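Going line by line, the protein sequences match chains A and B.
Be aware that the first sequence starts at 48, since it is given in my numbering, and climbs by one per residue.
Be aware that the second sequence starts at 48, since it is given in my numbering, and climbs by one per residue.
One or more hints might be untrue.
[Said to hold, decoys possible] Okay, derived cross-link-like pairs now, EDC-like style, lysine to aspartate or glutamate, Cα gap no bigger than 20 angstroms in a straight line:
no., chain 1, residue 1, chain 2, residue 2
1, B, Lys390, B, Glu101
2, A, Lys397, B, Glu552
3, B, Lys440, B, Asp580
4, B, Lys503, A, Glu101
5, B, Lys503, A, Glu554
6, B, Lys166, B, Glu146
7, B, Lys164, B, Asp108
8, A, Lys536, A, Asp557
9, B, Lys390, A, Asp483
10, B, Lys166, B, Asp108
11, A, Lys164, B, Glu601
12, A, Lys598, B, Asp557
13, A, Lys245, A, Glu396
14, A, Lys503, B, Glu554
15, B, Lys598, A, Glu554
16, A, Lys536, B, Asp241
17, A, Lys390, B, Glu167
18, B, Lys503, A, Asp557
19, B, Lys503, A, Asp532
20, B, Lys397, A, Glu361
21, A, Lys503, B, Glu258
22, A, Lys145, A, Glu101
23, B, Lys166, A, Glu101
24, A, Lys390, A, Asp348
25, B, Lys397, A, Glu568
26, B, Lys536, A, Asp532
27, A, Lys397, B, Asp241
28, A, Lys397, B, Asp102
29, A, Lys390, A, Asp532
[Unchecked claim] Derived coverage of chain B by chain A (criterion: at least 3 residues anywhere in the stretch with Cβ under 8 angstroms from a Cβ of chain A; other residues may be distant):
no., stretch
30, 521-530
31, 543-551
Since the hints were derived computationally from the structure, they do not count as laboratory data.
Bear in mind the structure is a predicted one, so any value in this text is a computation, not a measurement.
Glycine is no exception: its CB is placed at the ideal position from the N, C-alpha and C atoms.
Number of protein chains: 2
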Amino acid sequence: MNPEPHLHQQLNQEQEAWVDLMFLGGLGEIGLNSMVFETSDHLVVVDAGIMFPEDYMLGIDMVIPDFSYLRERRDKIAALILTHGHEDHIGAVPFLLKELNLPVYGTPLTLALLREKLKEHHLLEQSELHLIDPRRQLVVGPFVFNFIPVTHSIVDGVGFALTTPVGTFIHSGDFKIDATPTAGEVTDLNSFADYGNKGVLALLSDSTNAERPGYTLSERDIGCTLENLIREAPGRVIVAVFSSHIPRLQQIIAIAAKQGRKVLFHGRSMVTNVGLARQLGFLQMPPEQEMTTAQLKSLPDHEIIIVTTGSQGEAMSALARIALDAHKQIRIRSGDLVILSSKFIPGNEKAISTVINNLYRLGAEVVYHEVADIHVSGHASQEELKLLLQLTKPRYLIPIHGELRHLVKHARLGRSLGMIDAQLLLATNGDRFRFDVQGAQRLTRIEVGRIFVDGKGVGDVGNIVLRDRQHLAADGLFLALVAVDATSKRLISGPDLISKGFVFEAEQSDMLDAAREIILEIISRALAEPTQDWLEIQIQIGKALRKYFFKLLERRPMILPLILTL
Amino acid sequence: MNPEPHLHQQLNQEQEAWVDLMFLGGLGEIGLNSMVFETSDHLVVVDAGIMFPEDYMLGIDMVIPDFSYLRERRDKIAALILTHGHEDHIGAVPFLLKELNLPVYGTPLTLALLREKLKEHHLLEQSELHLIDPRRQLVVGPFVFNFIPVTHSIVDGVGFALTTPVGTFIHSGDFKIDATPTAGEVTDLNSFADYGNKGVLALLSDSTNAERPGYTLSERDIGCTLENLIREAPGRVIVAVFSSHIPRLQQIIAIAAKQGRKVLFHGRSMVTNVGLARQLGFLQMPPEQEMTTAQLKSLPDHEIIIVTTGSQGEAMSALARIALDAHKQIRIRSGDLVILSSKFIPGNEKAISTVINNLYRLGAEVVYHEVADIHVSGHASQEELKLLLQLTKPRYLIPIHGELRHLVKHARLGRSLGMIDAQLLLATNGDRFRFDVQGAQRLTRIEVGRIFVDGKGVGDVGNIVLRDRQHLAADGLFLALVAVDATSKRLISGPDLISKGFVFEAEQSDMLDAAREIILEIISRALAEPTQDWLEIQIQIGKALRKYFFKLLERRPMILPLILTL
């Protein structure tokens, strides 16, 4: 359904200023964050993130938002604003820039991380990247952005105040309130408060932890646990952590320094991100604390900390290979302490468990968040969300970034502060609001969707292909090939049978003979007829085999009956 | 490797009594529990459980232990002892009984649940089932079993003391220590203590929660939370819980009674298990509290509690269908409260999240363990495990039931009580210990494994088939068919191309044309030669297409080049 006609009517009805706000992704799901602010002749996009594939998305590498809405309005698009450098906010930017050449605005680290992506996609040269300076406002058509530093599990993240003809929108970014972060800036509560005093039309706020009561702990609160663990470690320490978690990395470096351990950053993304963070001055590390892979042999074990990727059990990660004892330079030996300094992201538990068990098998001691407080979230919990509401005093609250359950819980926090239902705009992907002098109204939804990226293919794997993969994955494939002479009405060759992922053929000769019989019987019956509808006959064979296999094995392989008529 | 020769040597060396203990499953993994006690002429099996398939086991319904070791000793097998009725302890019994007709011993509920399984497998008539009576000892050859009631998340569970010529083994069963369970018996600590005083050779103890400090809460501790939630619910209450969790069901019935709500048990396994538990007197419910599906329409909402399955987001469960608004009798309306009274089992989080979000979408309020204390574990935490060690004072501790990380942590608890490494027997599947007057020694491992059950096929899906399914799942299939006249050296037909789960063909005509070219070129080159090795030519085509597709799409579909020579 195309919402355009409806929209135009309204344009004619109301001549005064308006701003439309709509969501391309990230509301009703984790990841895929992207939203749009639009006026009659300007459009601004905020974030363009990816989502990691769900289990049923077989073979899919990543998911990006459907940008059709932007494609159809390419001439209006004035800017892409990036709030921080996490994959779920910048991961889809290269795919967007491939189609639409629009100016991108971000903080130094965010753009540095984006540049690495654009290089991989050979898009760096043609891209127009602009640095955000929190001390200077950014004017894009009718939109005036003032960026507000926020604390998160990556540094250099921002929220923003967006002043428009109809009022001021506040976007929290991904944030937590931590007065003592180990790196990066403290969430600028005063700025949020200033806007609160001046009057805020709508607050768009991070709902990731809306289910968590209380306050999210400070990054520093885990320092003591980490430090004790590392101090008591008799040998080498291997810490697995997200390579973009600069505050955590800074904390580990500090602990290492105290305890006279040198630090080896290991794994491609780890080395890249650490390099960028150090160049930009976000990560402080004296050169004498660095060590090389070569020094793994020369240095005594108790002077070594290896910081690597793989805290989510990623199959290709350094840690996964170390756990399988398949890593060239790093072989686990008893005395090694491995710390997984991150949470178990839902869907990854089994992979992480396998890594942990493999490490124990090799004789390492392993510590993870289930058994020690070695991780804190980067997202605000309920009390912090309430605090932001209290400071900004918005007319409307729009919970963003989260599954529906998180958005609902976040809206309830607004109610607990005395907001009424009309002020709580519960939205999911595709929802669109119009803001004007009267306030907010819901417009017809826009079409949104998810695009699958598989290898170099973007969007060419759709539901049909996925259904086939699911079918093949569940019961495999059975292929039957016969060749018939259409003129002499004779079977020339076959049935040749091929099965893949269905049964272990060597043990199923009886079944294969029976299948051959079923096919021959249908073919010969058909050849006896005056005319043959070969397509129909293929369907008959498919049906017969399907029935036979299910009766015998209760399996439904994909059946491909091929009749070659010559 | 076949351990037999080695074993025989040792038999000749030592003539005095010995008992071998070995593990077919459940040590180094969750589920698949099965172990063996063996003397020179008797063998007893304890439990025969299933494991639910891992993500990589595509299309597999369940996993059972490899019973080869038992098959080879069928004449020695004197009994199968079942500790309780959970799938990971009795699920594989039908598969075992199909091959080996051995007497099975279990408590009333355990056997009742087993009977349901045996019926489905048409094995009930020929099976020899014996009731365990905790007050009477069971003598099987040299083995004397005394069963000890234990509290767990199912009722009628037991551990046991096994007296043998070489000493007494204690098996904890799946247990927790709960002085106030809502159904079933209290763990009989006094019996454990008695054996401790008499002297215990080895304690085999449940390691599932060995990572959890402190004590597991009593089942009663969640009653208050559940009661408040249900009292404040304005409309219907739907509770999703494991159908075998009789103590939880009893608790819900009690709360319903207090608040004047009738209870509808819904879902096949729920109805069956509740029926069995009531027959056997484990579940008390006055008839007037029952309601029928028909009464869903007639009764006022605030008088209804629906107890159903699907707390793990199982796709076919009643709750999943309710959440999709695809359930005939039960349509969610605002005011409904849904309680998921169970933990999120690793691997199921995403499915559960989807159900929760769908329920919110339909207007229900949803409560789950992340947001309220509505579930307690059925397994002992560290302090309880230490308590059992303290009471039984075993010479050896053998942690059972758990991933390696759990077994390791459990062994450490033993060390914390002053046991030395020689007393802590850390074992995984396949490990075998010999116990004699000197004590325990490790023998060569036995061969163990996992058998995949797919539909009616047991063990016919092996790693080759799984690898093919993984390959097909990731990138699908590409099939190229040509027919050539071997005598006239002419191409008669093709190339015909078929792809499944690879690309959306309609959008890939250029690629398909190119593939056709690649094939034709190889074929024509081959036909120009004096002789043709068609197998080799198929391999060439496969290679060429593989290279082309990867360059173009970075995908590796399974490629089936078929050359029909006529």
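Inset, instruction - Please flag the earlier hints that this structure goes against, numbers listed from lowest up. - result: 2, 3, 4, 8, 9, 12, 13, 15, 16, 17, 19, 21, 22, 23, 24, 25, 27 and 29
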